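Trainee: What follows is the residue order along each chain.
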Amino acid sequence: MGDYLEKVKRAVTDLDLDAIAPLVRDALDSGEDPNAILQSMCAGMVGVGELFESGEYFLADLVLAGEGMKEGLEVLEPRLQAGSMGVKGAVVLCTVKGDVHDIGKNLVGTMLSSTGYEVIDLGTDVPEDKVVEAVRANNAVAVGLSVLLTPMVESIGAVVRALEAAGLRDQIKIAIGGACTTDELARRMGVDAVGRDAVEAVRIFDGFVGA
Amino acid sequence: MSASHERVRAALELREPDRVPTFDLMNEFSTDIEILGKKPSPLGPLIANPRVSDLLDKVLPHVNTAFVLDKVLEQLTNLGAEAAVRMGYDSVWLPYFPVLRLADSRTITDIFGRVNDFAMDEKGNMGNPIYRTGLITSPSAWDAWDKKPIFRLPEKVNRVFGRIQKSFGERLFIFGFCNYGIFESIWQPMGFERFVISIRKERSLIDRMVRFYTDLFCVLLEAEADAGIPGAIYTDDLCYRSGPMLNPKMIEELFGDSYRRITETAHSLGLKIVIHSCGNTESLLERFADWGFDAVHPLEPTAGMELSRAKELVGDRMCLIGNIDVSHILVDASREEVFEAVRRAIHDAGPGGGYILGPDHSHPAISVERLRWMVEAGREYGRYPLSV
Ligand code: B1M
Numbered sequence: 001m002g003d004y005l006e007k008v009k010r011a012v013t014d015l016d017l018d019a020i021a022p023l024v025r026d027a028l029d030s031g032e033d034p035n036a037i038l039q040s041m042c043a044g045m046v047g048v049g050e051l052f053e054s055g056e057y058f059l060a061d062l063v064l065a066g067e068g069m070k071e072g073l074e075v076l077e078p079r080l081q082a083g084s085m086g087v088k089g090a091v092v093l094c095t096v097k098g099d100v101h102d103i104g105k106n107l108v109g110t111m112l113s114s115t116g117y118e119v120i121d122l123g124t125d126v127p128e129d130k131v132v133e134a135v136r137a138n139n140a141v142a143v144g145l146s147v148l149l150t151p152m153v154e155s156i157g158a159v160v161r162a163l164e165a166a167g168l169r170d171q172i173k174i175a176i177g178g179a180c181t182t183d184e185l186a187r188r189m190g191v192d193a194v195g196r197d198a199v200e201a202v203r204i205f206d207g208f209v210g211a
Numbered sequence: 001m002s003a004s005h006e007r008v009r010a011a012l013e014l015r016e017p018d019r020v021p022t023f024d025l026m027n028e029f030s031t032d033i034e035i036l037g038k039k040p041s042p043l044g045p046l047i048a049n050p051r052v053s054d055l056l057d058k059v060l061p062h063v064n065t066a067f068v069l070d071k072v073l074e075q076l077t078n079l080g081a082e083a084a085v086r087m088g089y090d091s092v093w094l095p096y097f098p099v100l101r102l103a104d105s106r107t108i109t110d111i112f113g114r115v116n117d118f119a120m121d122e123k124g125n126m127g128n129p130i131y132r133t134g135l136i137t138s139p140s141a142w143d144a145w146d147k148k149p150i151f152r153l154p155e156k157v158n159r160v161f162g163r164i165q166k167s168f169g170e171r172l173f174i175f176g177f178c179n180y181g182i183f184e185s186i187w188q189p190m191g192f193e194r195f196v197i198s199i200r201k202e203r204s205l206i207d208r209m210v211r212f213y214t215d216l217f218c219v220l221l222e223a224e225a226d227a228g229i230p231g232a233i234y235t236d237d238l239c240y241r242s243g244p245m246l247n248p249k250m251i252e253e254l255f256g257d258s259y260r261r262i263t264e265t266a267h268s269l270g271l272k273i274v275i276h277s278c279g280n281t282e283s284l285l286e287r288f289a290d291w292g293f294d295a296v297h298p299l300e301p302t303a304g305m306e307l308s309r310a311k312e313l314v315g316d317r318m319c320l321i322g323n324i325d326v327s328h329i330l331v332d333a334s335r336e337e338v339f340e341a342v343r344r345a346i347h348d349a350g351p352g353g354g355y356i357l358g359p360d361h362s363h364p365a366i367s368v369e370r371l372r373w374m375v376e377a378g379r380e381y382g383r384y385p386l387s388v
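Protein sequence lines, in the order shown, are assigned to chains A and B.
In this text, residue positions in the first sequence follow the numbering used here: the first is 1, and each later residue adds one.
In this text, residue positions in the second sequence follow the numbering used here: the first is 1, and each later residue adds one.
Here chain B stands alone, though its shape is the one from the complex (with noise of 0.2 angstroms):
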């Protein structure tokens, strides 16, 4: 086992490692290619481009792009992958999320029935799709939904998380991404009013959607096992900045039995799996234990979330991961705050093994320089046993 893989995994399992593991997002196209010192991609100014965006608009809704799209978040995984290992991250949260389609030269549907905007950086770099609304908005709309793409996303994350297992899997420790929560996955193509609305009018539909979505991600699970990747994320945000946006009860109610399930499914397996929830989650902490996860991230720090409460709360049972605020640290600090944030953290997760440093999220605002001093001062303050 790599050095890498030992320091992951004993932090996963709350023993010592000789110094804290590292971790990142690696789900932004324009840091990636910053890091690799890439060109940007051709890609995104040429479909804006007026004469070729009138021609995509008549053309796009003929016909099928998945097959173009899949290629190029498999290239995306890639360089994730590859940028990962040029930071020298101990493990990586990495996305091959093959789900995309172009309806036209501005919108990128998914196969669960989301409708994004195209995005792009004013380099040109194509950002993360930016979600607008959904196209699930009845029980019927449900009913009609072409389920077939969907059913045919876990034999494509088994190929492309084989592929890079094989590639990059000695070197990093990785964490798969390929499909969002179940509570994410039904509320975004209907909208969260309306799916708020439906638990109260239309339960029905929410809990055949709820059993749908469990067993697509334990499959998914399996998908990802099968291709030698160590560990998976379970991202779901259940909170905003001042709490959950459900009430706990309801959020057990709903989704309790699944998450334990999905959880069990993974151990036997043999995956590690991470929650990952934004906003603020003291209040739900317990239960992610509870529920079996291995770990939480981000614990995000804008959201009011210290690892020194999280470690008092959880620390014994689950591994905590990320802290590091991007709304400021990240962005614009001085090299003495990254240090300094970086220290702070390490002093209250570190002790005992069970903290992870990373990031508490990504977007393209983020500065690869102030990436480099965290992983730089994680060499200088994770070195176990802990001096800080």
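Excised from the complex, chain A in its bound form (with noise of 0.2 angstroms):
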């Protein structure tokens, strides 16, 4: 049985896209625990997370990563039993206010429900008050922003204020992450941390939430 889980893990690391759903199914059949199935899944993309770190995965790989995550998923989510997803807590993510860029927020929103987060992604665009909505509505542990251009860097300053008037800023984690943020504008804006990429957003908000 124990060969199952260590073949979905390893399909999953070397993005094997036409093993995965079929190797999940196999797996079930023959008696898995899906639970089990999702950690290895999981533990897959931990695997290529470490690849993409050691400059021998690109971005593209994390794509690929993201959609083999969602093909085994797919088979396996109808047998998981209720709230074994997103374990880790609903983190609300988004591009601000005047930037549209997204390749980068919607890789950081695989990575983060690969590795047990529930992923309220709200898009590109975004003004604070919706991110606030979607924190309440979600009781969110953490804010993720991306942006990318400099003009629309105030937009984070306005989702922390946002949430400071709403009075949800002591209970909530931010990061930001994209082209134009540096460790010297996330001091200026008020947020609690700053991502380079899309794994190292994972141990920022693993951080965040103590796991």
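Check the hints yourself; a few may be wrong.
Unchecked claim - Stretch-level coverage of chain B by chain A, calculated; a stretch enters the list once three of its residues show a Cβ under 8 angstroms from a Cβ in chain A:
| id | stretch |
| --- | --- |
| 1 | 68-79 |
| 2 | 195-203 |
Unchecked claim - Pairs of lysine-lysine residues, derived as DSS-like cross-links and limited to a Cα-Cα distance of at most 27 angstroms, are as follows:
| id | chain 1 | residue 1 | chain 2 | residue 2 |
| --- | --- | --- | --- | --- |
| 3 | A | K173 | A | K130 |
| 4 | A | K97 | B | K201 |
| 5 | B | K201 | A | K7 |
What the hints contain is simulated information worked out from the structure, not anything from laboratory work.
Computed from a predicted structure; not experimentally measured.
Even glycine gets a Cβ: it sits at the ideal position worked out from N, Cα and C.
Two chains, two separate frames, one set of hints: put the complex together.
Mentor: So, in structure tokens, the structure goes:
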């Protein structure tokens, strides 16, 4: 039985898209615990992250890994117990107002949902009140803001202020990322962290929730 | 040959000009009109008016807006050239991109299948359309796509660049821009995620599109050369802040032959050709030179690109263009900071020729005053023999 778990993990790490869904199906048919299969897929994704950080994998490979996860989860999800996905908590993610760059945000979203977060993706060009609304409605533990355009950095401050005004800032962590973000900008905007890539983003959010 | 032409050509051919030439991307309407002291266009606020937009939403789906938009875009190209002359630039990246259609009062599609939002700044200036998504979602969507407007593009480009070259070509070295590169032309109309998955699952679609856009780009180069302009921009953002988006081996496999064919076509027509790729391009610079590009832009500092490193890697094979930061230096820096950034750029990339001074990108928050300081500093520090 354990063999399937290893194979699923390897198929995810090796970006073997054609193999992932059939292997998940075989694993289920052979009686593997759906939660154990999910963990194998997540472990495979961690492997992808490591290969990305070591420079062997590129951005496009993260997209492929995300697609593999999606295909595997389509088979797995009906068999998972409610609540086993998104166990680390809900994260509200978006690209800030005035900015429509979304490739990075999407990747961060894929990596977060593949590693146990429930991701509330609000899309691009998102005004601060929508973020507040989503945090409240989903009882989110953290907010992730993607921003690539210098003219739009003030939109980060607007989100911070809106969360403060709503009395939510103390209970929520905020991370930013994207082409024009720096540690200095994070300090100036009053956010908690800045992520250089999608793999680091997972580490940051894990730090936030103590995972 | 005018002093500007001689200067730019020398830099592109890695000879020392009389001084470091300047270059700008004249593709922000708001920047151009500020330079020229003109009033914002009334078109933006007019379209934003709810009564007008309601009417447009009813009418636009049934009419072809190309005729009107092509004219507006030609005016923008003219404005860009005029503004570049006013600023005293030696060369300019000049877009003429007659591919847009108003789908409704908020949406601009293009003839390649991109869907963009209509953009307007707070003064009412129309901004560059903001890419949202794509319509080429399957091989059959590409088969069914109406390509006739694309086939008409070279003729339009030839006509307008002919006029522009006649009016401004003596004074400015014009790098024509009339279509995006192959990578962007394929991924944007289908979305990045879908593109990446298609490389795996629908490779024949990707190969067909690569061939289509390579052929198109080569014909557009013929149209530009025939119009008399001396240079062309090949823009394909292959990288982001941390490096290439695809594995460089995959980039070579998918696009290498096309890039070589494009530069060979340009050179056989007497055109200089610049590759523009944002992001951290360090690991691709040598390939750019191998593929035959004469110069590389923008060497984006926010993505960690350093001119000294680029000079070391490819300075003997390619001219370097840009690197003046648009996140701080050309937005809100002091005069001293702008002068220092220019001095440093010339110090790092200027020796022996092969550097053209310019911003790394354009966006509406770029300050015209700081662009002027950049040009001024270029004159102060850029005279050969250099003493920076
Ligand atoms: C919450 O926690 C986190 C944690 C980590 C996070 C995170 C959040 N968000 C991101 N991360 C991190 O993880 C991700 C995955 O590893 C990474 O995400 P990134 O988003 O950085 O990386 C992505 C995976 C891939 N990277 C990208 O997708 C961006 C690449 C570059 C080349 C880029 C692209 C592709 C585009 N662009 Co634009 N573009 C550039 C970019 C150059 C660069 N240096 O990045 C940049 C961002 N663009 C720029 C500009 C100016 C513009 N662009 C524009 C348009 C576009 C396209 C539409 C053509 C396209 C975007 C398509 C899309 N659907 O996203 C325009 C603006 C449109 C708008 N209103 O938003 C326009 C204004 C151009 C114009 N004149 O019209 C520049 C901004 C300069 C500045 N300082 O302001 C730019 C840096 C290029 C440059 N040479 O300077 C990390 O940053």
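Trainee: Where does the structure disagree with the numbered hints, that is, which hint numbers, in rising order?
Mentor: Violated hints (numbers, rising): 1 and 4; every other hint is consistent with the structure.
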